[in-house]
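There are 2 protein chains.
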Amino acid sequence: MSTILAGMRIVEVSAFIAAPLGGMTLAQLGAEVIRIDPIGGNIDYRRWPLAPSGRSLYWASLNRGKRSIALALNKPEGQEIARALIAAPGPDAGFLLTNLPASGWMSHQALSAARADLIMLRLTGHFDGSAAVDYTVNCASGFPMATGSGEAPVNHVLPAWDIAAGLYLSTGLLAAERQRRRDGQGREVTLALSDVMLASVGNLGYLADVAVNNNVRAPMGNDLYGALGRDFPTSDGRRIMIVAISNRQWRAIGKATGLAERLAMIGPMMDVDLDTEGGRFNARGAIFALLEAWCGKRTLSEIATAFEGSGVLWGPYQDFGQLLSEDPRCSTANPMFAEITQPGAGRILAPGTPLAFTGGDRQPPAPAPALGQDSDAVLAEVLGLSSAAIGKLHDAGIVAGPLSDTAA
Amino acid sequence: MSTILAGMRIVEVSAFIAAPLGGMTLAQLGAEVIRIDPIGGNIDYRRWPLAPSGRSLYWASLNRGKRSIALALNKPEGQEIARALIAAPGPDAGFLLTNLPASGWMSHQALSAARADLIMLRLTGHFDGSAAVDYTVNCASGFPMATGSGEAPVNHVLPAWDIAAGLYLSTGLLAAERQRRRDGQGREVTLALSDVMLASVGNLGYLADVAVNNNVRAPMGNDLYGALGRDFPTSDGRRIMIVAISNRQWRAIGKATGLAERLAMIGPMMDVDLDTEGGRFNARGAIFALLEAWCGKRTLSEIATAFEGSGVLWGPYQDFGQLLSEDPRCSTANPMFAEITQPGAGRILAPGTPLAFTGGDRQPPAPAPALGQDSDAVLAEVLGLSSAAIGKLHDAGIVAGPLSDTAA
Chain A
1 MSTILAGMRI VEVSAFIAAP LGGMTLAQLG AEVIRIDPIG GNIDYRRWPL APSGRSLYWA
61 SLNRGKRSIA LALNKPEGQE IARALIAAPG PDAGFLLTNL PASGWMSHQA LSAARADLIM
121 LRLTGHFDGS AAVDYTVNCA SGFPMATGSG EAPVNHVLPA WDIAAGLYLS TGLLAAERQR
181 RRDGQGREVT LALSDVMLAS VGNLGYLADV AVNNNVRAPM GNDLYGALGR DFPTSDGRRI
241 MIVAISNRQW RAIGKATGLA ERLAMIGPMM DVDLDTEGGR FNARGAIFAL LEAWCGKRTL
301 SEIATAFEGS GVLWGPYQDF GQLLSEDPRC STANPMFAEI TQPGAGRILA PGTPLAFTGG
361 DRQPPAPAPA LGQDSDAVLA EVLGLSSAAI GKLHDAGIVA GPLSDTAA
Chain B
1 MSTILAGMRI VEVSAFIAAP LGGMTLAQLG AEVIRIDPIG GNIDYRRWPL APSGRSLYWA
61 SLNRGKRSIA LALNKPEGQE IARALIAAPG PDAGFLLTNL PASGWMSHQA LSAARADLIM
121 LRLTGHFDGS AAVDYTVNCA SGFPMATGSG EAPVNHVLPA WDIAAGLYLS TGLLAAERQR
181 RRDGQGREVT LALSDVMLAS VGNLGYLADV AVNNNVRAPM GNDLYGALGR DFPTSDGRRI
241 MIVAISNRQW RAIGKATGLA ERLAMIGPMM DVDLDTEGGR FNARGAIFAL LEAWCGKRTL
301 SEIATAFEGS GVLWGPYQDF GQLLSEDPRC STANPMFAEI TQPGAGRILA PGTPLAFTGG
361 DRQPPAPAPA LGQDSDAVLA EVLGLSSAAI GKLHDAGIVA GPLSDTAA
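Chains A and B, in that order, are what the protein sequence lines are. The opening residue of the first sequence carries number 1 in our numbering; numbering runs sequentially from there. The opening residue of the second sequence carries number 1 in our numbering; numbering runs sequentially from there.
These are computed hints drawn from the structure, not numbers from a lab. Honestly, I wouldn't trust all of these hints.
[What the hints assert, rightly or not] Which residues of chain B face chain A? A few of them, derived with a C-beta cut under 8 angstroms, are: (1) Ala60; (2) Gly142; (3) Ala160.
[Claimed, not checked] Partial list, computed: chain A residues near chain B (C-beta under 7 angstroms): (4) Asn155; (5) Ala211; (6) Met241; (7) Phe307; (8) Leu324; (9) Thr332; (10) Asn334; (11) Thr341; (12) Ala345; (13) Thr358.
Note that the coordinates shown come from a computational prediction; the quantities given were computed from them, not determined experimentally. We put the beta carbon where it would ideally sit given N, CA and C, even for glycine.
Just chain A, with the same shape it has in the complex (with noise of 0.2 angstroms):
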């Protein structure tokens, strides 16, 4: 957490990943997030993997920070309130971010008669407004295609498209708020997943190089594209990759390893210029080689210590259990990271922004709320609602507390 932001208030209206994390990231900068859910959760509600408890991890993980709201969104009575959220006056305020069909109530053209200076910023599948999700918008990217080693496309479990699009959000609604401030204009921004994937494939080159040179990556392995790179199995059973960008770092793995003079033997046998990217790559075969039958005599210790301060750049493979428990930047050595308490998680070591300020304004991370954890605050705070009209809206069904969540 931070406090870069303070002051701001974001209300959400949201599921699964891309939105949430575009309202955690500011809610770990220090704004006020609200979460509004429909009572008894959203559809990522429930989502795996959970806990005995039954509270699920990936929700408690993806909504760190925020202000949790239950709703009756299904009646005019709750829509109301939702939108009288979402409308709330203030310079810092007026901010809605969704991944939700934004028609009816929630469209831009109903909340902007509210507040017509709001910006809300809508997330959907494709820039036509149809569906997608991470899954069937990477299929269509290139990736698992050229992921492997070919006899099949692989997925990468890693939902990077969510994770790009989170981040899109977050910032396009900082450069919205910027420029409300400028000419007090409310805005729409819409963002669809797809147009994320789209344009990443294009920013890294791979639309021009088919353009340009009717080149279709190939699945390679493990290995670089264009420089050196690839992982290599060590003596005990672990694997570690050992990349090569710049002559520095290419010189450092002679040096480290005492291959230095047999590498060297590689440019002339491969007629290759071993002082450039591209040259070590052709010879990678060779290079690969030399290196795979240095890291198979030693084990994972013998060569981190062989490459410690040599300028090679380096990283052993870990799953999540090894990086939890082996790496000490996975743990609170790492400023980024605290333990909490997380309700019906316990103690878990939880991160906070990536980003660090100087000021010293890095806060330690939040858990998330529980369902409906502050309803009757944000109503009272945010409405100036007395506890006798929330009591009534409680007595309605529209508005419910953590109580209502059982699995909470």
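Given the coordinates of chain A, assemble chain B onto it according to the supplied hints.
Frame of chain A, contents of chain B only:
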């Protein structure tokens, strides 16, 4: 391109993907982004893929819409000009984005002596400042060990951590700019590439799953975890991804394929509730058996016809060539794209920003500059240098224009 950030001026001293993407993201929103490179180009200037002209399509794709000035950054006079550009006055200037070692003349201390309210964003490898690249961060993330079928770790080809880091940089710069308007304070904002990875692994619930359930996610090929989804071959040698997260999407599959009754038999047969994500995940083997047989008897176009307007969440697998030649979303039919003339590459399809702001301010994408293309204009406009003074700088080898770039 957009005009939402029109008026902002950002200086970038960068290489490779993350920092250039951060700058390009802001340039595509209308900011003036001046990329400073050493004469002859930075370490990424010849990165593959290359056009027949020798021009890097990688560099050209990651630096669209920027201005380029080439300076002798290894000489005090060149460093002095760079410092003057970074510290140039104006409420909408005073921003530096870099992933290069920020020491000596480029340290925050040295630069903030020239402009006290400088906002400097600095990407590092690890939080301790040590070096890393996407590949050496990714191997440690746990994802390669959970990707593919499990014989060996599979690196994803998408540089996902670089992309996320670039978008954290654009978010962080706008957040710091907002706060500077309030408190007048400059800031150094640091972001470690491995922290972006670690935060993402935590945000997605993988760390909590290990800590709470001692569950280390294992590879499952292209199956979704905790929901229904997998890839299926078609009768004409293509492959599609079918996903059902909501019950509505699940029912749409039964309706569109005509398999509803037989799919319903799987509930009692496998003793699961098919109206839950977890139930469908646990019974996925039987569900996949029916869908595999159905898809295997049909061509991609027959399946597309059957799923048209059905509410089924699906997509075809495409390689980068098919993406460009077959997918209408990857064409000028998509308002994000335009055909541009890229010097050294010719006519190419280029994406603008995926963020669409109401107010019709979406501008067509701009090509990348030739190295040093804007050297003279930037010196005149930003520093007010006379053409005589600029000529002297050229004669002294402190500044270079595009003619010195043999590959442009």
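TODO: Identify whether the interface hint at A/Leu324 stands, where standing means a beta carbon of chain B within less than 7 angstroms of its own.
DONE: holds, 5 angstroms
- [ ] May I ask you to test the interface hint for A/Thr332 with respect to chain B, counting a Cβ-Cβ separation under 7 angstroms as satisfied?
- [x] Not OK, violated: A/Thr332 not within 7 angstroms of chain B, min 12 angstroms.
Task: Per-residue hint verdict: A/Thr341, partner chain B, C-beta under 7 angstroms - done: violated, 12 angstroms
Task: Restraint satisfaction for A/Phe307 [CB to CB of chain B, less than 7 angstroms] - done: At 11 angstroms from the nearest chain B Cβ, A/Phe307 fails the 7 angstroms test, so the hint is violated.
Open item on the list: Hint A/Met241 vs chain B: min CB-CB distance below 7 angstroms?
Closed with: holds, 4 angstroms
TODO: Let me know if the C-beta of A/Asn334 comes in closer than 7 angstroms to any C-beta of chain B, holds or violated.
DONE: Status holds, d = 6 angstroms.
Task: chain B contact restraint for A/Ala211 - C-beta distance below 7 angstroms - done: holds, 5 angstroms
Task: Hint status (Cβ of B/Gly142 to nearest Cβ of chain A, threshold 8 angstroms) - done: holds, 4 angstroms
Open item on the list: Can you verify the interface hint for A/Asn155: is its Cβ closer than 7 angstroms to any Cβ in chain B?
Closed with: holds, 5 angstroms
- [ ] Hold the hint about B/Ala160 up to the distance rule: shortest CB distance to chain A must be less than 8 angstroms.
- [x] Constraint on B/Ala160 satisfied, holds at 4 angstroms.
TODO: Would you settle whether the hint for A/Ala345 is holds or violated, based on the nearest Cβ-Cβ distance to chain B being less than 7 angstroms?
DONE: Result: holds, 5 angstroms to nearest chain B Cβ.
Task: Restraint outcome when A/Thr358 is required to lie within 7 angstroms of chain B by C-beta distance - done: holds, 5 angstroms
Violated hints, in rising order: 7, 9, 11; the structure is consistent with all others.
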